[in-house]
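Take the sequence shown: its position 235, counting from 1, is numbered 235 in my numbering, and each next residue is one higher.
No lab work stands behind these hints, which were simulated from the structure alone. Ideal Cβ placement from N, Cα and C applies to all residues, glycine included. Careful: at least some of the hints might be erroneous.
Unchecked claim - With a straight-line Cα cutoff of 16 angstroms, these simulated EDC-like cross-link-like pairs (lysine to aspartate or glutamate) come out:
#, residue 1, residue 2
1, Lys360, Asp372
2, Lys94, Glu116
3, Lys149, Asp121
4, Lys374, Glu345
5, Lys104, Glu405
6, Lys49, Glu284
7, Lys374, Glu361
8, Lys149, Glu133
Claimed, not checked - DEER-style ranges, computed between Cβ atoms:
#, residue 1, residue 2, range
9, Ser321, Asp185, 35 to 45 angstroms
10, Arg303, Lys360, 34 to 44 angstroms
11, Ser4, Gly302, 35 to 45 angstroms
12, Ser222, Gly313, 14 to 24 angstroms
13, Gly119, Met319, 56 to 66 angstroms
14, Asp339, Glu116, 53 to 63 angstroms
15, Ile210, Ser285, 18 to 28 angstroms
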Amino acid sequence: MASSYKLKLAIVLLTALAYLYKSVTKRSPLYLLARPPPLHPSISDGCSKNFPELLQNCEDFSVLPNTTLLFLSCDRSRREWYHVFRAFPPDAPKGEIFLWDYGKPEVKPALLSGAESLGVDFHPLGLSAVMREEGDEVRLFVTNQAKEKARIEVLDVNLETKTARHKRSLTDVKIFSPNGIVGVDESSFFITNDGFFSRRWSTALLFEVILGAPGGQVVHVSIPPPASAVDEDSVNAYSVAWISLANGLALDHAKQKLHIASSTHGVYTYSIPDMAHPYLAVPESFRRTPFAADNLHLGPTGRLFVSGISSLGDFATSMLSEGKVGPPAWTAELLSEVDPSDKREAALRGLDPANSPLRKEEWVWRSVYLDDGKFFGGISTGGVVDMKGTFVGVSVVGRGVLVCEKVIERPGVLVGKEGEERKTREEL
């Protein structure tokens, strides 16, 4: 009897140890990551920080394809509330959604979130813009971490008048702590709920994050036609995946792939065999990130960019109070796996600081923006937004929108036939 009990206990312990080992070895090694250097003048000279007094604490942006139009999610009271712990001060100002044309930087951004139906309990995080099939309008999906109850806001934006109509607020038991969002079409989207215990039980949430437990949820939400809906705000919600501290999302329609950022681990990619049923996505790959991944951005040619936190201490300090120097900023592009026989490419990647704390087989990152925090720190969403190579970044702890003419050059080496190496720089 005793031996049977010991055997069961051993099985439980071994299972727990195996889970912990797997979780730890997949965790982001941000504590091994060196602080990024100052932004090089060759890059900063071509950068501008736009409307810092108006656009404050912007978490996310969504660019309308084939245009220079940016939709921005901002909240100047962001330092005052922490949705995961249900900490909302009673008088925090409402957040804001803006439309700005970075091709006409002198034109002031237009406020889209002035609708009375949004109320004062509006605190946006992620947002996603999708062209409507009829008319010259854009449908905007916004995650709202409202104090009363988290929900998704749906707005229709008229590009000609730069005004928005608040269509509806969507709630569901599967929409309990929405963070990232990406539109599939004008009537469906994916969201992430960042943690199972978010907005529920703060103590348990801390253990969830420390253990890297897959408590974050990816959910596909569709809005049924009015004739088939029980009420106008009802939705169909399907659970797609459970991921530790789920955050930003990016959807590649052409390749039928959904990318999901885990702030504790990295980037998960799911394949969607049938876009008519996107909720049937299946796991495809995982890429560990060197930093704590925040949000994702899919470029015009399908390039995936991830921005994140490389110093938890600096980021926490910046969330408590605004300083002259922000936390480090880091945005990297996901590359394909390197061929082991391609010594030149392996050497190039080995010199990129984003790959320095990772195993050699994990060298799939290329740094495109590095900043020690003195120029524009704490980028939460960033990436190349057009065919000219323009870089756009926003910071949840910063002011303004960063627009740069180009990204950093790629440091590397060329490997000769005899194995000799010489340093060079090649711009990609």
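Outcome of the hint check:
no., hint, result
1, Lys360 with Asp372, "25 angstroms, violated"
2, Lys94 with Glu116, "12 angstroms, holds"
3, Lys149 with Asp121, "9 angstroms, holds"
4, Lys374 with Glu345, "31 angstroms, violated"
5, Lys104 with Glu405, "14 angstroms, holds"
6, Lys49 with Glu284, "38 angstroms, violated"
7, Lys374 with Glu361, "33 angstroms, violated"
8, Lys149 with Glu133, "31 angstroms, violated"
9, Ser321 with Asp185: 35 to 45 angstroms, "42 angstroms, holds"
10, Arg303 with Lys360: 34 to 44 angstroms, "23 angstroms, violated"
11, Ser4 with Gly302: 35 to 45 angstroms, "56 angstroms, violated"
12, Ser222 with Gly313: 14 to 24 angstroms, "41 angstroms, violated"
13, Gly119 with Met319: 56 to 66 angstroms, "25 angstroms, violated"
14, Asp339 with Glu116: 53 to 63 angstroms, "58 angstroms, holds"
15, Ile210 with Ser285: 18 to 28 angstroms, "26 angstroms, holds"
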